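Based on the sequences and whatever the hints tell you, model everything.
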Amino acid sequence: MNAAPVTRDGFSELLRTCSHKRRNGLLRVAFDRRELTIAFVDGRIVSAADALDEAPVEVCRRLAAAGRIVEQVIDLIRGTGITVSQLGELLIGKGYVGEDDFARARQAYEIDLLLSLNDFAEANADFKPQLVRQDVRTALGIYPGQLLLDLEELQADHGRLQELFEQGDCRPRVVTNSARSHALTDAEQQIWDAVAAGGSAKDILANSLLSRHQALEALLSLYDKELITVTVGDGEQGVGEGVTSAESDISQLVAEEPVPHSLSELVEQAANELREIGTDEEESALEEASDFAQAVSRSAQVGLHSEGEESPAFESVDSPQGVPLSATEQPLPLPAGSTAGLRRVIRAGSYHLLSAEAVRGTVIAATVLFFFTLAVVGPGMFDEWFGALKNFTAEQPFE
Amino acid sequence: MFSIDSGTANVQLRIQFLLVIFVTALGALSAQPVLAKPVVVEPAELQQSSELFPGAYAAGTEANEPKQAAGDAVLREQFYKAINELYSAGYGRAGESLEQLSLLAAEQGYRNLPDYSIELLRQAKRTTKPEEVSFLVFHAARLSPTDARVRFVAASFYRELGMGTALKHAWAGITAIAYYPLLIATGIANLLLVCLVAGTIALFITCTIQLVRNGEALFERVRQGAPRAIQGYVAAVGLIGILVLPLLGGILLAVGVWALALGRTKIGCKWLPAVAGTLILGWALAIPVLSTVGFNVEQRANRVLEQVRTFSFTPEGEEFITEQLQRNPDDPLLLTILGQVLQMKGLREDAARAYERVLTSAPRGSELRTTSRLNLAAIAYENEAFQQAKDALLALEGEGEASFALYYNLALAHLAMLDTEQHRASYLNAQAVDEARLARLDAEAEHGRRPVISTVPASFFLPLVNRPIVRSDDVAARRAVERENTLGAALLYRGTMPVMLGWGAVVLVLGLFAARQNPHQFELGPVPQAVQESAVWLFLPAGLLMAGERPLRGVAVLTVFITLLIFGLEAPVTPYRGLPLEVSFSGFLFGGAALLFLVTMVLSVIGKSRAEVAA
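Which chain is which? The protein sequence lines are A and B, in order. The numbers in the working numbering rise by one with no breaks, and the one at position 161 of the first sequence is 161. The numbers in the working numbering rise by one with no breaks, and the one at position 286 of the second sequence is 286.
Think of the hints as simulated: they come from the structure by calculation, not from any bench. These numbers were taken from a predicted model, which means no experiment stands behind them. None of the hints are false.
In the EDC-like style, the derived pairs of lysine to aspartate or glutamate whose C-alpha atoms are separated by at most 20 angstroms in a straight line are: (1) A/K202 with A/E58; (2) A/K202 with A/E71; (3) A/K225 with A/D193; (4) A/K94 with A/E71; (5) A/K94 with A/D75; (6) B/K125 with B/E160; (7) A/K390 with B/E484; (8) A/K390 with B/E482; (9) A/K390 with B/E582; (10) A/K225 with A/E153; (11) A/K390 with B/E570; (12) A/K390 with B/E298; (13) A/K21 with B/E216; (14) B/K125 with B/E582; (15) B/K608 with B/E549.
Footprint (simulated), chain B over chain A, 3 or more residues, beta carbon under 8 angstroms: (16) 353-359; (17) 367-378; (18) 382-393.
No residue lacks a Cβ here, since even glycine has one placed at the ideal position from N, Cα and C.
Shown next, in the form of C-alpha cells:
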C-alpha cells in the first residue's frame with residue numbers, strides 16, 4: 001500500500017470521501033516530520049494519535065495543568081509503556097480523577113492533534129481500511145466535515161486570536177458577576193469560570209481541560225458577547241472589572257481540591273499500581289501486543305514510505321479510542337532470529353486478513369464457494385434424500 | 001316407547017326377502033357375473049357347547065335363516081344390477097336398486113358397504129358428467145354412511161358436489177374417524193413425516209439465507225475465538241469451513257452446524273440450534289416408528305380387522321379371519337371379531353361359541369372378555385332369554401362396566417321384562433354416556449330395536465400398529481431396516497440411528513446453552529448488526545420472518561407452507577395410503593399455501609414499515 005502525497009485540498013477531499021463512504025479504517029498522515037493516525041468508524045473520526053507523542057504523558061500533562069493530578073505522575077508513567085486506556089483505568093479506578101475529566105483531557109489532546117493539521121501545506125497520506133474498535137465513552141465522534149469547518153474557522157480567526165489572547169501578558173477579566181442568563185455552552189461556561197477565577201489567557205488555555213481550539217473559540221465568543229474584557233499589560237481592550245489577587249489565590253486552592261490524596265501518598269500509590277501492571281502476566285501480554293503492533297507499524301511504514309525514502313521513526317497508534325483490532329501498544333525492539341521474522345510475517349498476514357476489505361472479500365468468497373458447492377453437491381444430496389423418502393413410503397413397500 | 005314383536009318382524013322379513021329374490025332374479029339376467037363365491041364361516045373349532053348361557057342360543061337359530069339365505073351373493077347381484085341400470089334405465093331405477101341394496105345389507109347387520117361405495121366412487125372418478133358424479137357419490141355415501149374413508153373420498157369431489165355438500169361429507173368423515181384407528185395412525189404418520197421433511201427444508205433455507213446475510217458477523221465471531229496471532233487466517237478458513245464443509249455430510253449435519261454457528265452469532269437465531277437438535281432427534285426417533293407404523297397400516301390383516309370391527313360388509317375380511325383362526329385358533333382378538341361378524345350376520349349360536357372361546361383364552365381383566373360377555377348378553381336378549389341377559393348385564397354393571405352397550409342393552413332387557421322404571425334409569429345412563437349415538441339409534445328404531453353389539457376397543461389396535469415387523473415377516477423386516485438405513489444415510493453421513501441420536505443430542509445441548517447466552521455476548525464490535533431489510537425478501541414465503549430478525553418464526557411459517565405444498569404435490573415424499581382411492585385436495589392445499597404466503601408478505605411489509613418509522 002503506497003502513501004500518496006496530497007495537498008491541503010486533496011486532504012480535505014480525502015476526509016470528505018471517508019465521511020461519505022462511511023469508511024472504517026486508519027488514515028495515516030505524515031507531514032513536517034510528524035505522523036498522525038486518524039481512526040474512522042462509519043465515516044466518523046473516533047480518535048487520533050501522534051506516532052511521536054507519548055499519549056499517556058500528554059493526557060497526564062493536561063490533567064496536571066488543570067490541577068486534577070500532581071505532576072509527579074507524569075514522571076512516573078513516562079517510558080513505562082502504559083496505554084492511555086490503562087492509565088484511565090488506573091486514575092479513574094482509584095479516584096484520582098473523574099471519568100469525565102479524563103475523557104475531556106483525552107479528547108482535548110486528540111482534538112489538538114487533529115487541529116494541528118491546519119499547519120501543513122503538503123503531506124503523505126494513506127488510508128487503510130480495517131475494522132476499528134472504539135470506546136464509546138471517550139470516542140470523539142467528529143464528522144470530517146465538522147473538522148474541516150473547524151480548521152477553516154481556526155484559520156479565519158487566527159489573526160484576532162493572536163491579537164487578543166496570544167500576547168505575552170494578556171489577562172481576560174469578567175464583566176458581570178454571573179453569566180447564567182447568556183445561555184453559554186459548556187466550553188464557554190468553563191472558560192468564563194476560569195476567567196472569573198483570574199489568571200492570564202495563557203494560563204487559562206493551559207489549565208482548562210478543553211482543547212486549545214475550543215478554549216480559544218470560547219474566549220473569543222465570550223469576548224464578542226461582551227462578557228469579558230482583555231487587558232494587555234496596563235491597558236484594556238474591553239469593558240468590565242477584574243478580580244483581586246486574593247480571590248485568584250483562593251480559586252487556585254479550590255482547583256486543587258479534587259486531588260484526593262496527599263502528594264507523597266499519591267505518588268506511592270501510583271508507583272504501586274504501575275508495578276502491579278508490570279507483573280509477569282501483564283508484561284508478557286504487553287510484549288505480545290508490542291510484537292504485533294510492530295508488525296502493524298512495519299506494514300504501515302511500507303505503505304507510507306514505499307518509494308525508498310528514509311522513513312521517520314513511526315510508532316503504532318496508541319489510541320484506545322480507535323484501536324486497530326490488534327495494534328495497541330508501543331513497539332518494542334524486534335526479537336532477533338528467523339523464527340521471530342516468520343512470526344512477524346504470519347501476524348502481519350493475519351492482520352491484513354482482518355481489514356474491512358479483506359473481511360468483505362472473504363465473506364464474498366465463502367458465499368460464492370458455498371453456492372458453488374451447493375450447486376455441485378446439492379442436487380445429489382437432495383436426490384438421494386428424496387429417493388430414500390419415496391422408497392420409504394412407497395405403496396405396498398414390502399410386497 | 002319400544003315395540004318389539006319378533007313374530008311380526010319375521011313375517012315382514014320373509015315377504016321382503018321373497019320380493020328381493022324376485023327382483024334380483026329379474027335383474028341378475030342382465031347383471032355381471034358374481035365376482036366371488038360367498039363366504040360361509042364355519043370354523044371347526046367352534047363346536048363347543050355354551051357354558052355361560054345354556055340353552056339361551058338355540059331358540060333364535062330359526063330366525064337366522066332368512067338373513068343367511070339372502071347371503072352375500074345377493075348383495076353383489078343387487079349392486080351390479082344397480083350399476084347396469086344406471087347405464088340402461090337411468091338414475092331413477094339405479095337409485096332404487098341401490099336403496100334396496102342398503103336395505104338388504106342392513107337386514108344382514110351391515111352398516112357399511114365400503115367395497116361397493118368405493119366402486120361407485122371409482123366410477124365417479126372416471127366419468128365426466130357432473131350429474132352422474134353427484135349420483136354416484138351420493139349413493140356411495142348412502143351405502144356406507146359411517147365409513148370415514150368413504151366420506152373423505154366423497155368430500156374430494158368438491159368441484160362437482162359444491163363446497164357445502166363436500167364439507168358435510170368431510171365433517172361426517174371427521175366424526176366417524178374415531179372408529180378407524182388405522183386411518184388415524186396413517187394420518188399421524190403422514191403428518192409427522194411431512195412435517196419433518198418440511199421442517200428440514202425450511203431450516204435449511206432459513207439457515208442458508210441467514211448465513212449469507214450475516215457472513216461478516218460470523219467472521220467476527222470466529223475471529224474472537226481464535227488465537228490472536230492468527231485470527232485472520234482462522235476466521236477466513238473457519239468461515240469457509242462452516243459454510244461449505246457441512247454440505248458434504250448431509251442435510252442434517254449442515255443444518256446442525258449452521259444453526260449452532262448462527263446461534264452463537266446472532267441474537268435472533270439463538271433458538272435455532274435447539275430447534276435443529278430437536279429436528280435431528282425427531283428424525284432419529286421417527287424413522288423406525290414410521291417404518292413400523294407404515295408397514296402395519298398397510299397390512300391386509302389389520303385393515304380387515306378394522307373393517308369388520310366397524311360392521312362393514314367385507315367378504316374378503318371374513319374369509320381372512322377364518323384363515324387366521326385356523327393358524328391361531330385361540331387368538332382372543334380374532335375370536336372376538338369373528339363372534340362379532342357371526343352375531344352381525346345373525347348366526348347367534350356360532351357367535352356365542354366364539355365368545356365363549358374368548359372367555360377361556362383371554363387373560364383375566366382383558367377388555368376382550370368384557371366385550372364378549374356383553375355380546376353374549378345381547379345374544380341372549382335376541383334369543384328372548386331376557387332374564388339371563390339382564391342378569392349378565394347387571395353382573396357386568398356390578399363389576400364397574402359402564403359402557404353405552406351395557407346401558408342400552410340393559411334398558412332393552414328391562415323393557416322386555418316390563419320393568420319401565422329400571423328401563424328409564426338405564427336409558428338415561430346410556431344417554432349420559434353417548435347421547436348422539438342414542439339419538440341415532442332412536443331415529444333408526446322404526447321397525448324395532450336390536451341390542452347393540454359391543455365392538456373390540458380401539459386401544460387393541462395400538463399394539464397392532466406398533467407390532468415389530470420382524471414378528472410379521474423376517475424378509476420384510478430386513479428390507480425395512482435397509483430402507484431405514486438408506487434414509488438415515490441420505491440425511492446424515494453414516495446416519496444410523498445411534499449416530500443421529502448422538503448428533504441430535506449434541507446439537508440440542510449446545511443449542512440450549514446458546515439460547516441461555518446473555519444478550520451482550522452477541523455484541524460483535526463494529527460489525528453492522530442491523531442491515532437495511534431488502535424488499536426482495538418480501539416476495540419469499542415467510543418473508544422477512546425467515547430472512548430478518550425473527551428466523552425462528554420464519555422456520556415455523558415456512559414449515560407450514562412447505563407442508564401444505566408437499567401434501568398438495570405429494571412430493572418429495574409420498575404419504576402413506578390411508579384412503580382407498582387416489583384423492584387430491586390440492587386446490588385447498590395450494591390455496592392455503594398462497595394465503596399463508598400473502599399473509600406473511602403483508603406482515604413483513606408492516607414490520608418493515610414499523611422498523612423504518614422507528615428508525
